[in-house]
Each structure stands twice: as structure tokens, then as C-alpha cells.
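With the hints as a guide, bring both chains together as one complex.
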Amino acid sequence: MEYLAGEYDVIVVGAGHAGCEACLASARMGFKTLVITLNLDSIALMACNPAIGGTGKGHLVREIDALGGEMGLNIDKTFIQIKMLNTGKGPAVHSLRAQADKKSYQAHMKMALEKQENLDIKQDEVVEIIVEEGECRGVKTKNGAVYKAKAVILTTGVYLRGKIFIGEISYEGGPYGLFAANELSASLEKAGLKLMRFKTGTPARVHRASLDFTKMIEQPGDREIIPFSFMNEFEDLSRDQISCWLTYTNEKTHEIIRKNLHRSALYGGEIVGVGPRYCPSIEGKLVTFPDKETHQLFIEPEGLDTEEMYVQGMSTSLPEEVQVEFYRSIKGLENVKIMRTAYAIEYDCIDPTQLKLSLESKEIEGLFCAGQINGSSGYEEAAAQGIIAGINAAQKIKGEEPLILDRSEAYIGVLIDDLVTKGTSEPYRIMTSRAEYRLVLRQDNADRRLTEKGRKLGLVSEERYRRYREKAESIEKEIERLKNTTVSPTEEINEFLRVRKSSEIKTGLSLYELIRRPEISYHDLAAIDADRPQLPLALGKQIEVEIKYEGYIKKQLAQIEQFKRIESKRLEPGIDYTKVKGLRLEAQEKLNKIKPESIGQASRISGVSPADISVLLIYLEQKRRTDRE
Amino acid sequence: MVIRDGDTIAAIATAPGDSGIGIVRLSGPEAISIAESIFESISGSPLGDLPDRRLNYGYVKDPTSGERVDEVLVAAMRAPRTYTREDMVEINCHGGSVPLKKVMALVVDKGARVAEPGEFTKRAFLNGRIDLSQAEAVIDIINSKSEMGLRTAMSQLDGGLSRRLGVIKEKLLAMMARIEASIDFPEHDIEEITREALEHGAKETVDMLERLIATASSGKLVREGLKTAIVGKPNVGKSSLLNALLRENRAIVTDVPGTTRDIIEEYINIKGVPLRIMDTAGIRETEDIVEKIGVEKTKEYLDRADLILFVLDAARPISEEDRTIFEIIQGKRVIVLINKTDLKVEIDMGEIEEAFRDKPVIPMSLLKDEGLDTLEEKIHDMVFSGQVRSSDPVMVTNVRHEDCLKRARKSLLEAIESIDAGLPLDLISIDIKESMEALGEITGESITEEIVDRIFHDFCIGK
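Chains as they are written, first to last, in our numbering: chain C, 1 to 629; chain E, 1 to 463.
These are computed hints drawn from the structure, not numbers from a lab. Here the structure is a predicted model, which means the values were calculated and not measured. Yeah, the Cβ is synthetic: ideal placement off N, Cα and C, and Gly gets one too. Among these hints, one or two may not hold up.
Sample of chain C residues at the chain E side, in silico, Cβ under 7 Å [as the list claims (entries may be wrong)]:
no.	residue
1	K285
2	T432
3	P518
4	Q562
5	G582
Heads up, simulated DSSO-like pairs for lysine-lysine below, C-alpha to C-alpha not over 27 Å straight-line [what the hints assert, rightly or not]:
no.	chain 1	residue 1	chain 2	residue 2
6	E	K410	C	K292
7	C	K150	C	K356
8	C	K555	E	K110
9	E	K110	C	K564
10	C	K501	E	K203
11	E	K299	C	K554
12	E	K332	C	K555
13	C	K555	E	K203
Looking at chain E on its own, in the form it has when it is part of the complex (with noise of 0.2 Å):
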């Protein structure tokens, strides 16, 4: 069990949910330089010259990207003369849940540590900031938050989750049982791990975590958004949708570098869900992106695609564009929309029915307004399946999970940075050894026990 103890700590402290404004917090010697790290100022000052307990205003960026996360009020509190009696900074966010979580996620990637249950208040009186009388209220709020947070915990961890956990720390399991055998045992005839096999391993392991990470839901949807793409045909309304789902719901726009220079993305919220506009020039221009790019590269383009938007012309017959998108996006996540209802219906339902048996196909009017609410609804059921709902208290333990499991990743990353630069066996074991730690912070169990029943299960050594 790793207890820590003074480093800095960060919480979104507003409760969860979709409300217009957010607070994430942060305690510690860090809090400021880690703030600073990612806030823009609108004066250009860093934060740390800025005047103390005052709200300054700018921009959350996100230093490795570069783009704008969302915009906020910044303030600074030196100690002593805090909450906490640390250093602490406030991060208003206004962009919504999104961009809140974002920023989270931005501070813990830059050094802070997730907080535990009731660790605010219990660092305000550990240093000497509420009275005494109140350290029982203090307990309280510690031993209730934390038994929420095992009862979320837990039931996050049973099923799904908690298996992919095993099979993930049984890998790690065994190659360090492979590794700390071999070291601890040199004079046995345990074969050695060789280097390949441990790189394989380690970046297997990185695969899993990277797809655990993904489901996680304030994973990879909330970070990157639900990559979208809108096809069709020219003048079939690709533009009017994403104007109408732009006025309605845009969030951020920001200007993304992709593959090719002009391709812009935008992001949209739908109930909670954002998605990631593709190629939103494309889509405005008239040509049909099948024409001007080649059916292997639409195909290319509409693979990286997590959600496919296709829309028809319910007012002209089914053309030989559409039947060349239709073999394109088979097997993919697709919501067919028909759009101009309001026209004279030309197209033939049975053939579409045919060919999207088991897609949702949903019939609008943009001009009309027609159609665009069960358009949103669909959205969010299939991302969420109806199970999750941006309000679950369990987000906030899934934040400390994906903390975990990131430095999970985090750790092997550096292992595997080891193997390729030809590092000995006992510098890589440090790496892979922390990996499982953090991911005992999700289970809480002794990795070193664990460790040690391992090598005298696995391997049959004595003198």
C-alpha cells in the first residue's frame, strides 16, 4: 500500500453533472506551478506573477497540443491563508462537463494526484485550519466518503472491469515473477526472460491498459470526443446538419491540425456525449468526397471514424453514389438519416431497409426541424447503451481509476523505453513493479507478497 502524504492533490469540486460551471481544485506545493503549466492568462503574465487571490482571467490549453480546452477563471492562493493552509489554486470552468474533466485530466497529467475521499478537509485540519471540536465531523466525512467510494469502487470493479484488471496484473504477475526469479535465484536453472519476450509483454500489457483506459468514461469519449463523419452524396444536407447540430449544441470550435492542412474539426455535445466533427471543410464543399478522394481513401478516412453519419436524399432515387457508400460503410457504427421528408419521397425504404437491417435509419427534415431530436436521442444511446448517464456519482471514482490506470501505462511506457535503450533487468523490474502498484491502488493488495508467492508458485528453487 502506498500512502502519500504532501504532495499535491486535485478535485474537481463542483458536483457532477452537466451544470454550466465547474471547479477543479488543487492543494500543494505544486498547485501553482502546475496551474501555471496550463493556463493562458489573457494579461500574458504566468500565474505564478500574478496577484494572489484574484480571479484571472483566460484560457485552459493543453500544453501538448497546443489547442484551447476551454475558457476560464484562474485564481491563485499562497498559503498559509487557504482552505488547507497549502498552496491552492481554482480553476473556473465554464465549457461544461467536458472541458472540466479535460482540465482534471491536464493537472493530474502534469504531477497532481487525484484526491482521495474527504483529503481537502482532512489536510485543512491536519494543518491547523479547522477547530478541534470538529476532527470527529472531520473522521465522518473521511470513513463515509471513503466507504462510498469502496461500495462505487467495488461495484465498478465487479464484472467487466475487474476481470480485465486480473488478466492485466496476471501478465505483470508473471513477468516479474520471470524477472525477480531470475535475479533473486541467479544459480537456479530458471531460464532468463529474454528481451523480446519482456518488450512484448510490457507493450501487450500497454495495449490492454490503453483499451481500458478508452472505456473508461471519462476516458478517450470525453478527451478526444466521438470521432464523427457525415457522408453522402453532394447537396443531400451534410451541410444544413451539422449548421442545425452546430447551433444547437456547439461547444468549442477549435482548429485541429489533422492529416491533410485544411481539415477542420469541431466539437459538438449531445446530451453529454461530444463528438468530433471530421473534415467539417469537406463537408461543406460540394463535390462528393468519394469522387475527389478515391473510394481506398474514403474507405481510410472513414475507418478512423468511431461514428458514421450517412445521410440520403429522400426526394431522388438511390444512385450509384450512394450504393459505393453503402459497401463502404458496412459493418460500421452508421445512423442513416433521410433527409428532405418534406419533399416528394422518390427513394425506395425497402432498399435501404435492406441494406441497414440492423442500423438505426431515421427520417428528417433539417428544413423543417424535423427529426433532429430522435437524431440526438440515437446518439446517445449507442454510445451509452442507456447505462450511463453523465450525472453517475461514479465518475468521480472512475477519474481516480484512470489516474491509476494511466500511471499504470505510464510506468510501462518507461519500461519499455528501458528495454529498447538495453537497460539491465533491475532498472527495467522498477518500471513494471510500479506499473503494478498503481494498479493496486485500484484493488489495493501488496504487490511485493504478491510478488514473492509468485516466484516459489511459478519456479521451483532451493538449495
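Okay, chain C solo, but in the shape it has when bound (with noise of 0.2 Å):
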């Protein structure tokens, strides 16, 4: 039986990492929500590792808080570890990392939903999605419910015909020992949509008493805290930190997985889903890199009230006794108690390239994708095209243009841009390797690159807003005060140089001028620096990111400039490419596929040359004369 249950304005189906940000984004935005999940208790589950952020991961929560989302303030509230990484390889890179409580996590992202405004949160199975003449129009679950709304969120995560694999052993089912949502992909297929097949895996979590931590080695958080929202101190956030604990594979482990290697789903060839290559499966590593002696294997803790650890780096489809023979052959889990067992997960996910910029399908009006069911992997990944979704799928509502970031603005631009321009064959990662701006787009900036945006569309606050203009005006009212600032060639100020390997001046120079030096930090220079202003950690360190590599910062802001120029040279959807005169047929195939939306977008599809790009910017100009005429 089928009843109408609402009406609604947007409706998100999942309560995953991307669906949470989806429904608080046009929640915020003024608009009737609804979130629909398998099971309120899952809402921003973890299902793999117990960690926010990592290199460009942890980009992504950043500019997801610029923008006024929520990943970044919950994982300041709920970190029990936090780190900085790659602090030695420059600021561009630098990320930030954090070990989670698991289930405060969850329970705190939980209740900004429930107090969010707008927003309806339901359990049940969203089995079919109602499509009327080209457009989405709502959705039907299981119980029978049927919700109208003006435009549909998908975030379906790992779930659509998820099929779990150990060992020979494999069944129906979600993550964590949920269900899978088994309907709702012949729904999608009958749509029109193309579905791929996708492979993701999770290694054990084991009992912290099993373990012998006096033969591993201690990995401690870093002492000084920088938050990953904008809108906190580090002051606000210190807390005792849990360690994690590193350790390593052996020949005996290898020798076990070897043997057993015809047992694995993944290489006993019942898996048909293709898996991502930077997180393979322990039998993944051992085949790919035979001469490898050893594989390091961190154990993280999944929480304060919980004694379960997660063992990083064990993922494994190996059958169950198979996985307890190996982990005891590993130095300090001799006596190891596996909890959950290790699998190997196998589900649907969409094509992308069926999706605009905007993150809503080509085909059917209305019908917005964001997460893994776009073949990306990873909470933040969702995240981040969750909050773009929500964001679209109400300005949609409004009638107004779609938020687009482009690859200059932020990593969502760019995982989004690589997402519906090039597809994907497995699930996708950000790297910061696949940003061709990463000087400009660094954790630091994330605000002053989006905070604005994130306001125009109603979702900063007025104190986020003040916040950010504060620390904009602190930032560039001390680079000038260090301009201004000069140094006299004193005996003190050499002998400060002297200790630093530095050159001694002769003459007076600015404390910028001491600070463009590679030697001289920011920090040091408080010694000869009497009328500092009192500053942040933070704020320090991007001002002297700021001055020390202006001139690469000045050469990439010039590249910008190029790639904004065709960028903004607009495609119309409606073009056929067939009928454009000089395009090759390879170029004419891939363009009407992939309708880009910018000559900037058709340039990075593979197969369109530059004489292609020549040809399309032709076919414009002439379109635009006939047009006038």
C-alpha cells in the first residue's frame, strides 16, 4: 500500500557523510528537507577507518567549513588524536588529520540534524525514485511512504546492492553489519541511469587487550592544535590525545597470505567490482609488490568508550580463519581477539559523467548525486560534493544559478571537475597531485577562498563572517607592518642571522625582506621583533607562507588567469556536436557524451585536441555573429 506521507522541498536519501552535509546545506538555505536513512543509528557512520583528514582530504573538510558546512566543527568536537601533516614538505601540502571518537562522532553529528531548522530526519528504505516527464519528483519507501519534493538528493553510499565478501563466503548486505538497499538500483537503471559496479574493503577491528603495545611503536598526536574549522582556537580544543601504535607485517604474515591466496574473493575471482588501487587489500599489496618484505599496519583506536582498535593497512576478503592466522603472525598481535572481521564490499555506484558541474544528472531534472554512488571513496569526498548537492539542489528551487568551483577556487572543484569530466574506473581519491593549483588552494586560505561564496548563499553565519573578516584584515595589516618593519645591522640582530646560517645585512632591511629568507621563520623573528601583535598560530604561519613564496604564489595566480579565460567561455547543452563542421569524429563522440560546460571543461576530455578546442571556440564566434544578426 502506498500512502502520501509529505511534501517537501528537497529530499536526501542516506544520512551518510555527503547526505548529513547535503540536508543541512538547504536546511540552511530556507528550504524544507527531508532525510531519509536505513537506520537513524548509521547517521554519519564510519565505516572504515576512524579518521577525518589526511593530504587533501583534509582540504576538503576545510573548504567544506569555509562554505558553512558541518564536517569540520563535528570532528573539532569529537577528535581524540589530531595531527598536522607533512609539515616538512612544504606549506601546500601541509593536512590535517585526525583520529575520531566513532560514536561521538556520530552522536554529535546526529543532533545537529535534529536541531537544525527545516530538516525532518525519517528511517526507512527508499525503494523507487518517481520520475515524470524528465524530472524527479520525489521518492516511495519501503513502509509504503510516498514524499513528494521539487528535487532528490542521492547519497547512497556503499549500500545499493551491496554484497558482502570473506573468503569464500559472500552474502547481501551493507556496512557494519547492515543492510543493503537492494531496490532502489533497479529504479535508477529504469530511469536511465548507467550503473558500474565498484569494490571498496575494511581490514578487522580487534580487542585493545589482545594487544602487546610494548612491541609496537607510539604515534602521538601533535602538541599544538590547528583546528579544522575556521570557527575555533586551538586554545578552545586542547584535550588529552589518545596515541596510535605502528607495527609491521613479516615474512611468516606473507607466508600465510601466499598460501591462502586462491581463498581470497579477490583473487578467487568471485569479485567483479573494481577497487580502488591506494587502498588495497593486504593480498592486493603482497601480489602487486612481491619484493616488499613488510607492510607497516597502524592501530588506531575507534574510541574513548570502546576498547575496539582498527587495524589500518589489513583490509583483506580473506576467509575469517585465514585473516586470525596472519594477524597473529604480526609482532604485538600474537594474542590479537578479532571483534569484527575484515571484508570486502561490492556496490553499485553511477556512472559520473552522466552528472553536470552542478552535480544534478543530465538527464533528469531534479536528480542530484553526491558521494560514493559517484564513484568517489571517502568521508571527505562525500562530504564535500554532499554540501555541493544540497547547495545546487536549492538553488535550483530558486532558480538560481548552480554554486560551480572551479579547479583555481578549491579541491571540491577539482574532485568534482575530475568526477563528470573523466569518469572515473575506480573509486576516486582526492591527491593533492591532481590539483594544478595547490599553492593557492592550501588549507590555510580554504576561507578566504570560499567564505564569501558560502555567505551570498545564506550559509555562514554572521560570526563566522566576522570571524573570517577579522582574520583577513589581521593578516594583511601585519604584512604591512612588516614591510614597514626595518632592522638596523646591529650586533644583535647579525648574531641572530649568525645562529641561523643566515647572512648578515649591512644595511637596514624589512622584517619581510628577513622572512622571504628559507632559514628564517615567522616565529624565530619574534626575537628581534619587539611590537609584534599578539596572533594566532595559524595566522602566523599563513602570513608567512604568505611572504616567504610570493613569487610561485605570483606565477601560479598568472596561470589562473589563462585557465579562468577559457573557463569562462560557456557551451550551451543543447549543442549537437555531430553537426559541428571540422571536429573530428573521436572529439564529436566525447563532447556529445560528456555536454561540457565550459571550453575550459571540454579541453580536459581525453580525445578533444587543441585543434578541436580551436574548432569549438570557431563554431562560438560564428554562432555568436548569426545570433546577432
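What follows is the structure, encoded as C-alpha cells:
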């Protein structure tokens, strides 16, 4: 039996990391929103590692935060360890990573949803999307409820026709012992969406008391905390941190795995889905890198109120008894007790080239997709797409232009452009190497890049905006002051320089010029800079980056200007590229498939050559003149 | 793929070949400032201050060496009354293909980009200069020219060049993957590349690029000329040989400050091969060079030569001095000239044949003007081995390849600078990636994807 259960502006299907950001964004923008999840206890579930951030991923979280999203605030509330990675490798790639208290992370996110105005939360399974006249107008659930909506956002994670693999055993199921969603896929296919099959996996969870940490290397957190959210200062967040532990596999471990390789679901041929290269199973690592004598694993706490520990690096689809055997061959894990068995999971996702840059389907109006359903992987990648889908569903209802961040504005832009322009053949992970302008897309300046945009959309609170303005002004003021403050070549100054192996000065020099020297840091300079204002730690670091790398930053800004020129040349979605004279056949086909939104996007489609781009430019000019006549 | 738009482009607008006059054409926002930076007008005013659309007489000067490259007529034409409706400059060169290419190289050094096929016409159309009815013709030009460009590019890329580019790319890719893997996966036990290894790799790659740039037919040869030494004992006719070559082929006479203050070099152009005659002052002196500066110094001096013209006197028997020179120039690129064949031959031809078994030996009489043609032919053959002619259509493509190679080198040199300055890895990688992108423009590959693939290929990464 079906009944009309409600009418909404926006319905979000799934309350994982993408779904949470999506429903919060549309509700915060003032639209009546419903989020439907299979299980209320799995809201914002971290089904794999208990951590947020990492290289590139940490950048995404800060961008989500700068736009007014929730992930940064939530991890700041619930981290039990935090680290800035890559501090030795340069400012563009500094990345925050935190260990989360999983349950606490979920509870706080659930609370944020529950307290949100305009947002309803419902436990049920969506089995069908309602598509009429090429428009998505609502969803039907297993319990017979029909919800009407102006826009629907699919954030289904790994639940669509999810299938679990443990050695020779396989069964229908979602992650973490939850149910799969088996019916929705058929409805999506019927609506014309092309599906793909991807695979991922997770390691075992083990009991803390069964581990011998004396045989492992301790991995503590940072003492100086830089928060994820621009709304927090490090002083607000200080707390006791919990350590992780490092240990290694050995020849015996590898021997056990090799002996049982044929029983792995991955190598027994059971799994058809494509797995991610950056997250291979341990058996995959052994096969691909047979000469590597040892592999590292990190033991990470799942939370403060549990003895469960996550075994990073040991994802596997080997049978349960083999898992026990090889885990126990590892130093420190000799007596390990496995509480949750490692598994591989296969799931349906869509080919993301079916989406526009706004994350709306090209074919079905009002249908948006975000997160793992788009072939990505990772909580942060999901959340990043979620907030954009939420914003753009709202913008669509308002009749306003979608928010499209380009590759020079945000990692979010890199992520979405990569997915919808090039598609992906494996679960996609963000990497800083994928960003062309990473010196400009730093984690420290995400607010400067995005907070104004978030404010225009109505997502940024007054308080957030005030903080952003204050920070921007104090940076500007301090840089000005450093430019105008000159030190004289006194013995004290030259002694300061000598100690740092920096060449001595003979005439007066501004503090600004001194910071440009690689061996002098802003922090160090405090010793000879009496009038320095008291600034937060993160701010000082940002000032230093702006000064030290000014030359490189200018160079990237010039490249961005070039990039923006062709990015701003729009292509209408209605163009039939087979009718554009002079395009090569391959280019015609690719362009018709992707329907790029700009010349810039077209240039990133493989199979479209510079000559084809010239032809497109001429076509646009031709069209412009004909239209004018 | 890097698509650039609205920058300043340049091309040699006349057909390639050895015609007397050639035009280098520039279009784009920087056209006038770039041309101004290498043009010295006779009136002394900078190009930007000279009247629009007028031919101005003057010289193109290499701003780094201060050397005058060619005598030229330059016209600056300001937007929008130009073919492309952008600022344009035309530089009319008079010195033949060598200075023409040098002028082209200079504008590229100053920031112009070598134009894509049909790019001037494309801009003319996009900026509304060409009638709508001609749009298809413009597309045809772009397509046919890029196809031709592609064909020549492919044929160029077949074989040697492609292999060497492959080696260079491979080296950079391995370095990049190493840096990026350690950046993107800091928690994995990936051994971080040391600055020494990075610098060594970058320097090695720069060397490889240098060699490649030098082999491009418009490369080192055109830019610097084939360094040629004329040696022989006193009174064998070195000075007459120089004068004879200069009389027929003098291109530009320049004073280049050399290692010693009185060394003067002259350019001559032999069948499209530019020669730079070393130490012309020394040649004109009568003293024996070996006696004057010593065997070691002579060796060093001759080591710098790309080609040695060794002059012997047919009318005199082989002397000790000759034999010393024999010794020094063994194993070098030598043409042996037996001058004064108009006199009674006293020299032992057998011994010469023996000493220079694999080298060309040309009898000549400078007095009677005999043998000079044979020498010129020999020089041409030696350089080109009959493969490259200056009218080869590949030349344009070469300029573009060279542009890419030079940009790749420039980025790597910047990387080395950053390594030396102790800058962090993420900045160094920007330069290395830029270098790869410049090379990628020759081969048309997507660098980012390749780097990502390489990371997963080379390193065991996974949580």
C-alpha cells in the first residue's frame, strides 16, 4: 500500500557523510528538507577507518567548513588525536588529520541534524525515485510512504545492492553489519542511469586488551593543535590525546597470505567490482609488490568508550580463519582477538559523467547525486560533494545559478570536475597531485577562497563571517607592518642571523625581506621584533607562507588567469557536436557524451585535441555572430 | 593539455628557406613590449614611442650579449586596426635564415609563444576581423595545418627524438612520482627523496635537454654557429682562406668578447650552415699558434672547436710543426686542406693520407680560386649528412619543439634554484611538473594522470 506521506522541497536519500552535508545545506538555505536513512543509528557512520582528514582530504574538510558545512565543526568536537601532516614538505601540502571518536562523531552529527530547522529525519528505505516527464518529483519507500519533492539528492554510499565478501563466503549486506538497499538500483536503471560496480574493503576490528603495545611504536598527536574549523581557536580544543600504534608484517605473515591467496574473494574471481588502487587489500599489496619484505600497519582506537581498535593497512577478503592466522603472525598481535572480521564490499554506483558540474543529472532534472554513488571514496570526498549537491538543489528551486567551484578555487572543484569530466574507473580519492594550483589551494586560506561565496548563499553565519573578516584584516595589517618595519645591522641582529646560518646584513632591511629567507621563520623572528602583535598560531603561519612563497604564488595566480579565460567561455548543453563542422569524429562523440559546460571543461576531456578546441572557439564566434544578425 | 588563449604569439611569416628577407610576426598584448626589448631603433627611441604603422629602421640586439643580430625594419601596429585586431609587430629581417631564426628565438625568450598552426587567422576570426562566410575556411586552415603539423611532428617524433624524449620524461616522471607519493601518502613508509638526489636528477635531465636542444636543427648551430678553427703553420694561407670564405659568405661581422680580449669571431654562412670562425686575429697573425701559446693551450683552444680546418702547404714538405698539429687534432672533426697546389707539390701525400685516413683531404689553390667549392660542399655534408635541408618544412615544427624543450629546461633550472635555496618539496614539484607539461605539449599527454598512475605503480600505498 502506498500513501502520500509528505511534500518537501528537497529529499536526501542516505545520511552518511554526503547526506548529512546535503540536507544541512538545503535546510540552512531555508528549504524544507527530508533526509531518509536505512538506520538512524548509522547517521554519519565511519564504516572504515576512525579518522577524518589526511592529505587533500584535510583540505576538503576546511573548504566544507569555509562554506558553512558541518564536518569540520563535528570533528573538532570529537577528535581524540590530531596531527598536521607534511609539515616538512611545504605549505601547499600541509594537511590536517584527526582520529575520531566514532560514536561521539555520529552522536554529535545526529544532534546537529535533529536541531536543524527545516529538516525532518526519517528511518526507512527508499526503493524508487519518482520520475515524470524527465523530472524527479519524489521517492517511494519500503514502508509504502510516498514523499513528493522538487529535488532529490541520492547519497547512497555503498548500500546499493551491497554484497559482502569474506573468503569463499558472500552475502547481501551493507557495511558494518547493516542491511543493503537492494531495490533502488533497478529504479535508477529504469530512469536511464548507467550503473557501474565498484568494490572496497575494510580491515578487522580487534580488542585492545589482546594487543601488546610494548612491541609497537607509539604514534602520538601534535601538541600544537590547529583546528579543522575556522570557527575554533586551538585553545578551545586542547584535550588529552590518545595514541595510535605502528607495527609491521613479516615474512611469516606473507607466507600465510600467499598460501591462501586462492581463497581470497579478490583473487578467487568472486569479486567483479573494481577496487581502489590506493586502498588495496593486504593480499593485493603482496601480489603487486612481491619484493617488499614488510608492510606497515597502524592500530587506531575506535573511540574513548570502546576497546575496539582499527587495524589500518590490513584490509582483506581472505576467509575468517586465515585472517586470524596471519593477524597473529604480526608483532604485537600474537594473541589478537578479532571482534569484527575484515570484509570486502561490492556496490552499485553511477558513471559520474552522467552528471553536470552542479552534480545534477544531465538527463533527469531535479535529481542530484553525491558521494560514493558517484564513484568516489572517502568520507571527506563524500561530504564535499554533499554540500555542493545540497546547495545546488536549493539554488535550482530558487531558480538561481548553481554553485560551481572551478579547479583554481577549491579541491572541491578539482574533485567534481575530475569525476564528471573524466569519469573514473576505480573509487576516486582526492590527492594534492591532482590539483594544478595547489599552492593557492592551501588548507590555511580556504576561508579566504570560499567564505564570501558561502555567505552569499546564506550558509555562513554572522559570527563566521566576522571571524573571517577579522582574520583577513589582521593578516593584511601584519604584512604591511612587516614591510614597514626595518631592522638595523646591529650586533644583536647579526648574531641572530649567524645562529640561523643566514647571511649578515650591512644595511637596514625590512622584517618582510628577512622572512623571505628560507632559513628564517616568522616565529623565530619574534626574538628581534618587539612590537609584534599577539596573533593566533595558524595566522602567523599563513602570513609566513604568503611572504616566503610570494614569487611562486604570483606565478600560479598568473596561470589561473589564463585558466579562467577559457573556463569562462560557456558551451550550451543543447549543442549537437556531430553538426559542428571540422571536429574530428572522436571529439564529436566525446563532446556529445560529456556535454561540457565550458571550453575549459571540453579541453580536459580525453580525445579532444587543441585543434578541436580551436574549432569550438570558431563555432562559438560563428554562432554569436549569426545570433546577432 | 594546456590551452592558452590571449597570450602573445609569434611566427616566422615568410616561407622557410634561405630567401633574403624574412618576417617575424607577433600578435597579442605583449607584442610591442617584447619587440621593444630587442629592438634598437636608429633614432634611439623605444618602439612603443615610435609612430603607429610605420617602418622603423634599426637593429635587433640580443639583450643578454648586446650583440647585434640583424639589420631590420620594424613596424608596430596597434589594436584594433590590425589583422588579428590585437597589437601586432612585424620585424623584417635581412640577413637570411640564420638571423631570422635568431630573432624568432629572442622573441620567444622574451615571453612570446610559438604560434599554433593557423593561430593568427584564428585570432583574426575570433576578434571579428574576418567575415562570417569564411569561418569554414578558417576551420579548414586550422585542421589542415594541424594535420600537417601532426604529420611532421610524428615523423620528427619517430626514432631518435622520440626515444630521447621518452628517456627524459621517464626520468622526470620517476622523480615526480617519488615526491608526490611521499607528499600524498606521508604515513606510508616511502623513502623521501633526498635533495641531493633531486638536484642530481634535475641536473642530469637539464643536460639531456641541453643536448636535445642542441640537436634541433635550429638549435645551437643556428644560434651560435659551428665553432670553426683554422689551424696550420705560418704562411700556409690561413688568412687567405678566411678572406676567401668571408668574401663569398660573410653574413654579419661581430665583435664578441671571448676568453682573451683580442679574440675576434666572425660569422659566415656556408650553404645554410653558419660557421663561427674562432680567433680571426690569431689567424691573421703570422706566428705559429702552437709556438705562441704552447701545445696544452692549443689543445684546449681546439677542444672548443666543432670543426677544424687544417691547412697544409703543398709546396713544402711536412714539418715538425705540422706533425705536432697532427697529434693534437687526432680524433676531432677535421677537414684537411692542401693549399698552394698551383706550385710544385713537395708534400708527402702518402703520409697525410695515412695520418688522416678517415678525414676528408681537399687539395686547393686559394690563389687560383680552386677547391673552395669542394670545401663548402664538404662542410655542408658533414653537418647535415645530407639529411636536413634548410628548406625542410619540419623547420617550423622544430621551432615549436625547441620552444617546448627550452621551457622544460627553464622550469628545471628554476627547480634547481629552489632546491639550492632550500625551498620545500611542494614548490620544487611545481617546477618539475611545469617542465613535464612543456614536454607533454610535444607528445600531447596528460601529465597529472600519468603521475597518479606512476605513484600507484611504483609505491605500495594503502590503508
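These are the hints, each one checked on the structure:
1. Contact between C:K285 and chain E, as hinted, is supported at the beta carbon level, the nearest pair being about 5 Å apart and thus within 7 Å.
2. Because the closest C-beta pair between C:T432 and chain E is about 6 Å apart, less than 7 Å, the hint holds.
3. Among the interface hints, the one on C:P518 holds; its C-beta lies about 4 Å from the nearest C-beta in chain E, closer than the 7 Å criterion.
4. Interface restraint check: C:Q562 against chain E, minimum CB-CB distance 6 Å, threshold 7 Å, status holds.
5. Residue-level restraint check for C:G582 holds (minimum Cβ-Cβ distance to chain E is 4 Å; threshold 7 Å).
6. Restraint check for E:K410 and C:K292: not satisfied, since their Cα atoms lie roughly 37 Å apart, outside the 27 Å limit.
7. With a CA separation close to 18 Å, the supplied pair C:K150 and C:K356 stays within the 27 Å bound.
8. A C-alpha spacing of about 16 Å is found between C:K555 and E:K110, which places the hinted pair at or below 27 Å, so the restraint holds.
9. With a CA separation close to 24 Å, the supplied pair E:K110 and C:K564 stays within the 27 Å bound.
10. This hinted pair checks out: C:K501 and E:K203 have alpha carbons roughly 26 Å apart, not beyond 27 Å.
11. Restraint check for E:K299 and C:K554: the C-alpha separation of about 48 Å exceeds 27 Å, so the hint is violated.
12. A threshold of 27 Å between alpha carbons decides the hint, and for E:K332 with C:K555 the separation of about 45 Å lies outside it, so the pair is violated.
13. For the given pair, C:K555 sits about 23 Å from E:K203 by alpha-carbon distance, which is consistent with the 27 Å threshold.
Comparing the model with each numbered hint stated earlier shows that hints 6, 11 and 12 do not hold.
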